[in-house]
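The sequence shown begins at 250 in our numbering and counts up one residue at a time.
Just so you know, these hints were derived from the structure itself, not from any lab. By construction, the Cβ of each residue, glycine as well, lies at the ideal position given by its N, Cα and C atoms. Certain hints may be false.
Listed next, with one range per pair, are the computed distances between beta-carbon atoms [stated by the list, open to error]:
| id | residue 1 | residue 2 | range |
| --- | --- | --- | --- |
| 1 | Y729 | R641 | 50 to 60 Å |
| 2 | D636 | V743 | 14 to 24 Å |
| 3 | Q326 | K485 | 19 to 29 Å |
| 4 | M480 | D593 | 35 to 45 Å |
| 5 | V743 | K485 | 30 to 40 Å |
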Amino acid sequence: METGTVFLQLPENEARRALECDGGNRSVDGDATSRNPFAGLVSHLRASWLSGKTRPIEYRVAQLEALGCFLDEKKQQILEATASDLGKAPFEAELSEIFLCKNELHETLNNLSHWMKDKHVDRTLAMQLDSAFIRKDPYGVVLIIAPWNYPIQLFLVPLIGAIAAGNCVIVKPSEVSKKTERLVAEALPSYLDKDCFAVVTGGVQETTRLLENKFDYIFFTGSSPVGRIIMTAAAKHLTPVTLELGGKNPCYVSDTCDVTNVARRVAWGRFFNAGQTCIAPDYLLCTIEMQEKLLPALREAINDFYGPNPRESPDFGRIVNDKQFQRVQRLLGSGCVAIGGQTDEAERYIAPTVLVDVQPSDPVMQEEIFGPILPIVVISNMDEAIDFINSRERPLAVYAFSSSDKVVNQVLERTSSGGFCGNDTLMHVTLTSLPFGGIGNSGLGLHHGKFSFDTFSHHRGCLKRGMGWESLNAPRYPPYCKKKFGVIQATSKVSRKNDCTLL
Numbered sequence: 250m251e252t253g254t255v256f257l258q259l260p261e262n263e264a265r266r267a268l269e270c271d272g273g274n275r276s277v278d279g280d281a282t283s284r285n286p287f288a289g290l291v292s293h294l295r296a297s298w299l300s301g302k303t304r305p306i307e308y309r310v311a312q313l314e315a316l317g318c319f320l321d322e323k324k325q326q327i328l329e330a331t332a333s334d335l336g337k338a339p340f341e342a343e344l345s346e347i348f349l350c351k352n353e354l355h356e357t358l359n360n361l362s363h364w365m366k367d368k369h370v371d372r373t374l375a376m377q378l379d380s381a382f383i384r385k386d387p388y389g390v391v392l393i394i395a396p397w398n399y400p401i402q403l404f405l406v407p408l409i410g411a412i413a414a415g416n417c418v419i420v421k422p423s424e425v426s427k428k429t430e431r432l433v434a435e436a437l438p439s440y441l442d443k444d445c446f447a448v449v450t451g452g453v454q455e456t457t458r459l460l461e462n463k464f465d466y467i468f469f470t471g472s473s474p475v476g477r478i479i480m481t482a483a484a485k486h487l488t489p490v491t492l493e494l495g496g497k498n499p500c501y502v503s504d505t506c507d508v509t510n511v512a513r514r515v516a517w518g519r520f521f522n523a524g525q526t527c528i529a530p531d532y533l534l535c536t537i538e539m540q541e542k543l544l545p546a547l548r549e550a551i552n553d554f555y556g557p558n559p560r561e562s563p564d565f566g567r568i569v570n571d572k573q574f575q576r577v578q579r580l581l582g583s584g585c586v587a588i589g590g591q592t593d594e595a596e597r598y599i600a601p602t603v604l605v606d607v608q609p610s611d612p613v614m615q616e617e618i619f620g621p622i623l624p625i626v627v628i629s630n631m632d633e634a635i636d637f638i639n640s641r642e643r644p645l646a647v648y649a650f651s652s653s654d655k656v657v658n659q660v661l662e663r664t665s666s667g668g669f670c671g672n673d674t675l676m677h678v679t680l681t682s683l684p685f686g687g688i689g690n691s692g693l694g695l696h697h698g699k700f701s702f703d704t705f706s707h708h709r710g711c712l713k714r715g716m717g718w719e720s721l722n723a724p725r726y727p728p729y730c731k732k733k734f735g736v737i738q739a740t741s742k743v744s745r746k747n748d749c750t751l752l
């Protein structure tokens, strides 16, 4: 697809009128319409949002149901596109790109009317005659920038939240997953209201120009370095952001556990989508004794999952492009290969691989792997493992395996991460009732389920008072005196519960 295509084209005069309706919104270049190729689009969507079109629940539900039709009617094309881009197995694609999105969609449709309701809050004695509530307002025009590793799920899940909250949205799919980008750009606009939703395609140059425009919220999923660029661009307009980033997710395995179960759950989480998952366990921490038990169990699990030659397995994916293949392949030089290690550049194939004798200073421990490589770092005990985790940037997920709840809880209580999963991998993100998001270097902000709706909603504090009873306001007006302050204190004070005064 030609980069920079926008699937909502406006005549120049209409774009200029929309820009004028926008109250003079300009890109950083000055005259946005003439200098920025996306300014007319942004202004058109803003005019649609200002009209109030996206606010009624009936409109939101209709657009959300249209997303369900997109998933149903384009299911085969989605499976084919993700297979072409990533060698993704149909099972993995349907699970991660369609099934989980439908769960999010149904959770939202089932609860939207409740989420949208004003939340009435407590009032002081002085305001008992008034109405105090929190209104969930849409932000306005939202930009969603999606990555290539789960090219449907990672734009659609935030899009569900943005639509549910009443926003207009521009979706920017990744240009790296080319077939999926084409599918989204060509198919999605026919399901949604073109006055309120659009798809923009292109690479770094187009994204840079897109970010020059003023958005009311930006949702980005990708790497930490690019996240910093997004945040810098957003800061120019004081635009709030959610950054879903990544990092090196540690997985501690204690000496007391079911080794076979650990191996299967870790292997599945690490090698799902050929390791190209931001929450995959990035490395194992265990004692040398546990390593000796884990290696044969991991070898058996890999054989059970993918056969003696994973290259021939229809269930094992491929690296997305040559650049990523070469980057991941270089990481095989760290430590020693205990399992796997085979590669085929023509197919962008890297076998499920386990590395041992890995040092913290090795290249494989300096960056997020994002490929089918699992290093094992030997530690002497749980305390050393926790110290190792805490000495590094806070990850998107921490995993801990142990037959002892006390050990799992110790890892949970003494570490910090975006999410946590005990005795399994990846599964915490399948629950729409749990928030998903990073902390520190792994991101900021939350989404999934109601958390998506809240992310894309401005929680507006509102107080409505009557015009009468002016005498009740008299204590706050000048001239001031101690007696007036005493009245205000008596009628507006918030006291601690069970508070008592010693006489």
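Quick rundown of the hints versus the structure:
no., hint, verdict
1, Y729 <-> R641: 50 to 60 Å, "56 Å, holds"
2, D636 <-> V743: 14 to 24 Å, "42 Å, violated"
3, Q326 <-> K485: 19 to 29 Å, "38 Å, violated"
4, M480 <-> D593: 35 to 45 Å, "38 Å, holds"
5, V743 <-> K485: 30 to 40 Å, "39 Å, holds"
Hint check: violations occur at hints 2 and 3; the rest are consistent with the structure.
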